[in-house]
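Residue numbers (the working numbering), protein chains in the order written: chain A, 1 to 448; chain B, 1 to 195.
Heads up, some of the hints might be wrong.
Quick list of simulated restraints, FRET-style, between CB atoms [as the list claims (entries may be wrong)]:
1) B:136 x A:98: 38 to 46 Å
2) B:164 x A:162: 55 to 63 Å
3) B:144 x A:311: 44 to 52 Å
4) A:268 x B:182: 43 to 51 Å
5) A:137 x B:144: 51 to 59 Å
In case anyone wonders, no lab produced these hints; they're calculated from the structure. Note that beta-carbon positions come from the ideal geometry of N, C-alpha and C, so glycine has one too.
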Amino acid sequence: MVETLSETERFPLLTEEGRRLLRRLHENEFAPRYNHHCGDRLTIEGLRRVRDFEIELKSSAQDRHPGDIPSWLLDFTKTCCRDVPHYRGYKANPADFFSIPTCDRSDLSREPWSFVPDTQDLDDLIVYCTSGTTGHPLDVLSHPVVSSMYLPLLRTAAATYGVALEGRQGHVAIVLICFQKSTLTYAAISAYLDQAGLVKINLNPADWRHPADRARFLDACRPEIYTGDPISFMELASLAMQSRPKALLSTAMTLPPRLQKFLEHHFQCPVIDIYSMNEAGPVAVRDGTGHVPLQRRLYIEILDKDGLSCPPGERGEITLSGGFNPYLPLLRYRTGDWARLEYRGTLPVLKDLEGRAPVLFRDARGNVVNSIDISSALKPLALVRFELHQNADGSLRLRMQKGETTPDQVRHAILSLFGDDQKVDVEGMESPCDSPFKVIQYSSDYAF
Amino acid sequence: MKMEGPQLEILTRRVAECPVDFLAEPRIGAAGSIPVAAIVSDLIRDLGGDPLTLRQSTGFSKGDAKIGRNHLRLVLITCWLFHDPWFLNRKECANLLYLFLTGPLTDLSATTAAEKFVSEPDRREELVRFCLKELDLRPAGETIAQAQDRLATLSTAERRRVIRAAREAEERARAIREAMVRRAADEAAAKASRE
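Could you put together the complete structure from these sequences and hints?
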């Protein structure tokens with residue numbers, strides 16, 4: 001049972017203009033069947049913190065030399081080793097940053113509470129239950145202010161391409177596009193963006209009164225920017241829309257260059273690839289030759305499989321320290337994504353980023369199945385580790401590590417999503433070996 | 001504790017004056033600077049024993065950094081302690097040392113950060129008494145009962161502190177878990193992009 005907030009709790013700084021826009025978004029004749037209410041929950045103090053965050057993004061330098069430890073990171077590390085149970089357990093010397101053990105998503109998934117500082121008040125805690133594009137569910141603890149801090153980061157990313165995310169009252173600033181079986185959808189107003197609208201929709205026709213309403217509603221919204229993942233943007237491009245956005249911001253999965261070119265041509269605007277994750281928010285934006293870090297207090301390292309720092313230019317696992325979520329301070333967090341770190345002068349740049357590649361699955365009727373839906377369907381099962389591949393003939397092959405879950409349970413979950421006619425083979429797999437390559441959770445013979 | 005050993009105060013002072021080289025980061029893989037295996041091997045040789053074999057050395061340079069680092073730091077401090085002339089002159093404990101460093105000392109390292117065995121008086125005394133006990137020694141001038149009682153007191157105080165800290169940590173963890181359950185069903189806050 002969802003605890004319903006009052007309008008004042010949901011939108012503490014809502015103005016009359018914002019209220020009118022919200023009503024318009026809810027009552028538009030082509031609007032989707034929203035299934036959720038969600039606000040920015042931003043108070044005056046929260047808004048001040050978001051604005052301070054934006055000032056920091058604009059004012060401080062990104063300069064860094066190989067092996068440098070920024071002064072803020074030393075203080076941050078000291079605080080983590082003292083106040084955060086998981087890091088305190090290392091009994092590490094905070095002054096020797098590079099000797100501190102690393103952690104990863106499995107640590108976070110197992111005990112998310114052990115990453116909350118002792119000093120952090122629990123009153124403003126919110127929880128994002130993520131199924132993940134990678135198939136590893138995670139409960140991310142967060143704060144309402146954190147969600148609004150995404151906006152200056154997205155604004156900074158857009159500015160890299162000369163696009164201004166303005167945010168004007170009475171207008172929709174951003175529409176977040178999804179294309180999956182089910183997800184929470186809602187209309188909201190952002191105090192940070194001067195009472196502009198934020199809308200989250202699912203392009204799945206089942207969410208709409210009529211499939212053509214999708215284009216009609218988006219034309220009525222005329223958002224400055226669309227955010228979404230490559231799969232949802234493919235569906236967006238299939239709609240007969242008249243309006244054109246200033247930019248598309250692609251997150252969650254790696255944006256294939258061919259798809260980027262196609263979308264840029266189709267929408268006649270920049271299509272911007274942002275490297276982003278639930279644990280750290282937007283991390284870096286791709287410009288001509290690599291991904292440039294967005295956050296000022298997020299230290300990026302590249303580590304080899306033994307946890308040792310790679311020299312500039314050498315490929316390894318992206319490892320993060322810092323961030324802006326007070327419930328999840330990251331200290332040498334191994335992301336599972338791979339890249340090289342090079343320096344453009346004194347600016348660190350991630351090259352050849354190998355993130356979460358979008359994978360195209362199709363059900364027995366030929367409809368696109370988003371890997372997020374597969375993760376959701378398998379989430380209730382206690383799968384230790386699995387890989388799912390779709391062959392060119394449409395058949396599925398799921399390999400799973402032995403655990404409490406039976407093959408029949410897995411087959412049932414897959415058929416519930418792909419249809420009873422779907423051919424699926426479930427096989428066992430060995431324990432993870434010491435592979436120097438990232439685990440590929442989902443793969444498909446269907447070309448993207 | 002059957003045999004009488006050195007004076008307690010001499011050893012606790014020695015630990016308090018542990019040189020910075022013995023407090024530096026142990027080398028694990030390619031990280032850290034101090035080769036612990038070489039330090040241990042030198043000590044055992046100085047005490048009249050055979051240097052570590054290659055297999056024995058491996059245990060002091062590899063392993064899980066989360067678990068092993070504090071242990072290796074305590075090994076270095078303990079090596080400094082056993083370089084005291086009292087032990088060097090007798091050359092009696094070389095055979096026991098490898099087993100001690102890789103066995104009981106591992107358990108002790110799990111309770112407390114290694115540097116506290118240098119910086120805190122009670123922990124210094126605990127370390128010295130613990131080392132003597134494992135070699136079947138007791139501080140000079142003490143009876144077996146006195147030595148046992150004093151070590152038990154020190155260990156108990158530390159154990160109580162550890163238990164209290166663990167209890168507080170568990171209460172905090174439970175409070176967060178309960179808050180997570182409550183809030184997981186609540187509205188979150190609107191995000192403008194997804195991951």
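Practice task
Any hints from earlier that this structure breaks? Give me their numbers in increasing order, please.
Solution key: Per hint list: single violation, 3.
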